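Trainee: The lines below spell out each chain.
Number of protein chains: 2
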Amino acid sequence: MRRSGHAFGINRRGLISSAVLLSTPALLRITSTLAQDASNLLPSWSDGPARQAIIDFVRATSDQASPHFVPPEERIATFDQDGTLWVEHPVYTQVVYCFERVPAVVAQKPELKDREPFKTVLSGDHEAMAKLSLHELEEILLATLTGMSVEVFDTEAKKWIETAKHPRWKRLYTDLVYQPMLEVMQYLRANGYRTYIVTGGGQDFVRMYSQQVYGIPPEQVVGTAGGTKYGYDKDGRPFLTKEPKLLLNDNDAGKPEGIHLEIGRRPRAAFGNSTGDRQMLEYTGAGDGARLMMLVLHDDAQREYQYGPARGLPDTKVGTFTQQLYDEAMNDGWIVISMKNDWKRIFAFE
Amino acid sequence: MRRSGHAFGINRRGLISSAVLLSTPALLRITSTLAQDASNLLPSWSDGPARQAIIDFVRATSDQASPHFVPPEERIATFDQDGTLWVEHPVYTQVVYCFERVPAVVAQKPELKDREPFKTVLSGDHEAMAKLSLHELEEILLATLTGMSVEVFDTEAKKWIETAKHPRWKRLYTDLVYQPMLEVMQYLRANGYRTYIVTGGGQDFVRMYSQQVYGIPPEQVVGTAGGTKYGYDKDGRPFLTKEPKLLLNDNDAGKPEGIHLEIGRRPRAAFGNSTGDRQMLEYTGAGDGARLMMLVLHDDAQREYQYGPARGLPDTKVGTFTQQLYDEAMNDGWIVISMKNDWKRIFAFE
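Quick note, the sequences are listed as chains V and D, same order. Note that our numbering gives residue 278 to position 278 of the first sequence, counting from 1, and the numbers run on in steps of one. Position in the second sequence (from 1) plus 350 gives the number in our numbering.
Keep in mind the hints are simulated off the structure, nothing from the lab. Computed from a predicted model, the values in this text were never measured in an experiment. Ideal placement from N, C-alpha and C gives every residue a C-beta, glycine not left out. Don't take each hint at face value.
[As the list claims (entries may be wrong)] List time: in silico EDC-like cross-link candidates among lysine to aspartate or glutamate, alpha-carbon distance up to 20 Å: (1) V/Lys234 / D/Asp583; (2) D/Lys595 / V/Asp252; (3) V/Lys234 / D/Glu678; (4) D/Lys579 / V/Asp252; (5) D/Lys595 / V/Glu243; (6) D/Lys508 / V/Glu328; (7) D/Lys584 / V/Glu74; (8) V/Lys245 / D/Glu593; (9) V/Lys245 / D/Asp602; (10) D/Lys515 / D/Asp525.
[Unchecked claim] Partial list, derived from the structure: chain D residues whose beta carbon lies under 10 Å from chain V: (11) Tyr580; (12) Asp602; (13) Gly614.
[Unchecked claim] Estimated spans, in silico, between C-beta atoms of each pair: (14) V/Ala190 / D/Lys509: 36 to 44 Å; (15) V/Asp175 / D/Gly639: 31 to 39 Å; (16) V/His135 / D/Gln414: 46 to 54 Å; (17) V/Thr174 / D/Tyr582: 31 to 39 Å; (18) V/Leu137 / D/Pro517: 50 to 58 Å; (19) V/Lys109 / D/Ala478: 49 to 57 Å; (20) D/Lys509 / V/Asp175: 17 to 25 Å.
Go ahead and model the full structure; you've got the sequences and the hints to work with.
Mentor: The structure is reproduced here in structure tokens:
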């Protein structure tokens with residue numbers, strides 16, 4: 001509550017000067033609106049330090065009379081996607097997409113049918129697929145995400161994301177977005193912040209649904225990105241082909257590097273959930289003035305998943321929240337969001 | 351005037367329904383405001399097909415009742431910088447910056463003093479400097495644009511651009527911006543377009559002054575970009591170092607590739623002045639619906655420069671406007687802007 005006193009002070013002053021011009025019933029209506037304001041904010045969040053930190057930050061940085069005021073053009077907030085905005089277990093959604101694209105790729109290149117790792121993926125043996133090496137996984141990603149025109153990729157990815165369902169909830173992956181995080185993004189935008197996704201996932205992939213799912217337009221999605229190659233079709237019409245050439249690995253140090261490349265401003269707020277977001281939060285926190293750094297902790301086995309060794313749980317393949325990361329968060333004033341305690345509900349459909 | 355009839359028709363309908371509610375004097379005031387509207391637009395432009403094409407395009411795409419209406423989120427206009435927004439002769443401004451940074455670089459690395467191409471640059475012999483090979487030029491660019499932190503680069507570039515002057519006009523380079531193009535950008539923005547710079551120049555360099563000079567924020571500057579490397583200073587504070595590793599050569603085919611990488615939408619309008627902009631204009635024109643592609647032709651030796659072989663003039667080292675480009679423009683419905691005939695004035699200070 002450190003900063004909120006100040007922000008509320010401003011509201012009170014505004015109220016007093018308005019009161020001179022208003023009759024008592026009108027004044028009462030306004031007072032009650034203001035009182036409701038705070039309780040209506042972030043409705044899927046429980047009262048607690050995480051919710052309060054968000055509200056304090058937004059008020060302190062958007063109130064022109066606050067010593068922490070941030071000019072609108074500098075109000076940039078960045079969000080990791082997998083595990084921060086939507087479910088990342090048991091497998092990253094985009095990796096599922098790549099696996100499911102393999103039959104179509106093999107149909108076009110039958111010579112791959114009996115070659116590993118394609119053979120394993122075609123077998124549908126999930127246990128064997130989980131054991132694929134990083135190199136084999138990369139081979140599948142390259143075969144399914146590159147070599148086609150941007151338009152063909154966009155069409156296929158869009159079609160898939162509109163129908164593919166998560167094995168546990170039997171719902172669209174895009175339904176498995178965290179309602180509390182949607183509320184944070186809306187709240188930030190309502191206060192002049194531009195929200196960006198900064199994801200280790202494929203930039204082109206996430207751009208296909210970012211507007212519809214998160215209200216974030218494609219130009220505000222920074223992600224792992226390959227090069228494209230400009231060329232012409234047989235009618236002389238130009239098009240871009242997705243090349244197997246990595247330009248930006250938007251994980252770990254790649255996140256601040258990608259932010260510099262595609263945004264060119266240091267964020268004021270950053271949200272993540274794993275070691276892959278560490279550098280983005282450090283970079284955000286290294287700027288002057290008010291900053292907000294938050295980490296989502298997956299500690300709710302019943303409603304979602306429980307992972308992250310910060311609380312003595314076993315390490316996992318994806319989205320690790322290590323003890324070291326937890327310690328850094330505590331040392332640097334980052335705020336850990338407990339899904340179990342801070343979120344009244346997790347999904348909009350609940 | 352093909353499309354303007356429609357757009358004006360809409361205005362007239364709006365006027366008639368308003369008239370029902372208005373007294374005659376108020377109606378007269380509105381009528382006169384509307385009549386002034388068109389003549390007040392783009393005041394530094396002469397009446398003619400170039401000015402009219404811009405007005406027609408903006409009206410057709412921003413009028414909700416127009417068959418060419420474009421939703422606001424898709425209103426993206428891209429502008430080359432050198433030769434399109436400001437003077438590029440006799441030498442690109444950023445190359446001048448790099449030359450002028452050489453003494454500071456040599457002061458830190460004295461072993462470069464007697465080595466070419468640094469020796470030639472230190473000699474100040476402009477004729478010899480003009481003869482440097484592309485490879486030697488690249489060596490100077492790398493030495494002066496990389497190896498330092500982003501913050502140090504930003505500070506130095508900003509300081510330079512605030513004081514450096516053009517040899518012909520003895521004015522700041524940032525004063526040598528084309529007033530008619532500033533008006534086009536303002537007019538587009540007033541009608542819901544987001545304006546982007548897509549430059550062969552350095553992205554980090556142009557971002558230092560784009561807001562102040564063009565009203566374009568850093569996140570809307572796409573340019574030639576190198577990688578950065580995340581690290582920590584002795585106090586553990588993170589920072590990014592500019593690396594000698596090219597990520598995007600934002601010339602020629604690199605322009606649509608850069609647009610895809612950093613914007614992720616095809617522009618609706620694109621402005622250039624040389625073969626380096628050809629692919630950006632082709633890519634823009636290959637989309638559906640209303641599109642506007644324009645090329646600035648430097649044909650005014652008295653007020654600026656005259657170059658570009660489209661009219662039988664000698665080819666030059668920078669910003670070439672070839673006959674082939676001119677033919678493509680004519681074939682594809684791109685509009686050539688004659689600086690001599692289409693612009694009443696070139697610079698704001700005139």
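Trainee: So, for every hint listed, does it hold in this structure?
Mentor: Results for each hint:
At roughly 53 Å between alpha-carbon atoms, V/Lys234 and D/Asp583 are farther apart than 20 Å, so this suggested pair is violated. For the hint linking D/Lys595 to V/Asp252, the alpha-carbon distance of about 19 Å falls within 20 Å, and the restraint holds. For the suggested pair V/Lys234 and D/Glu678, the alpha carbons sit about 17 Å apart, so the restraint of at most 20 Å is met. This hinted pair checks out: D/Lys579 and V/Asp252 have alpha carbons roughly 11 Å apart, not beyond 20 Å.
Note on D/Lys595 and V/Glu243: the hinted pairing holds, with a Cα-Cα distance of about 18 Å set against a maximum of 20 Å. Of the supplied pair hints, the one linking D/Lys508 and V/Glu328 is violated, its CA atoms being roughly 35 Å apart against a limit of 20 Å. The hinted pair formed by D/Lys584 and V/Glu74 fails the criterion: a straight-line CA distance of about 28 Å is larger than 20 Å. Of the pairs offered as hints, the one joining V/Lys245 and D/Glu593 holds, with about 18 Å between alpha carbons and a cut-off of 20 Å not exceeded.
Distance restraint check for V/Lys245 and D/Asp602: the Cα-Cα separation of roughly 19 Å lies within the 20 Å cut-off, and the hinted pair is therefore satisfied. Between D/Lys515 and D/Asp525 the CA atoms are separated by roughly 9 Å; this keeps the pair inside 20 Å, and the hint holds. At a threshold of 10 Å, the smallest CB-CB gap from D/Tyr580 to chain V is about 4 Å, leaving the interface hint in force. Taken as an interface hint, D/Asp602 checks out: its beta carbon lies about 8 Å from the nearest beta carbon of chain V, inside 10 Å.
With a cut of 10 Å, the hint placing D/Gly614 at the interface with chain V holds, because the nearest CB-to-CB distance is about 4 Å. A beta carbon spacing of about 38 Å between V/Ala190 and D/Lys509 agrees with the range 36 to 44 Å that was offered as a hint. Against the hinted window of 31 to 39 Å, the Cβ-Cβ separation of V/Asp175 and D/Gly639 comes to about 32 Å, which satisfies the hint. Between V/His135 and D/Gln414 the C-beta distance comes to about 53 Å, which sits within the given range of 46 to 54 Å.
Under the hint 31 to 39 Å, the C-beta atoms of V/Thr174 and D/Tyr582, about 38 Å apart, fit the expected range. For V/Leu137 and D/Pro517, the hinted distance range of 50 to 58 Å is satisfied, since their beta carbons lie about 56 Å from each other. The hinted window of 49 to 57 Å between V/Lys109 and D/Ala478 holds, with their beta carbons roughly 55 Å apart. For the pair D/Lys509 and V/Asp175, the supplied restraint of 17 to 25 Å is violated, since their beta-carbon distance comes to about 52 Å.
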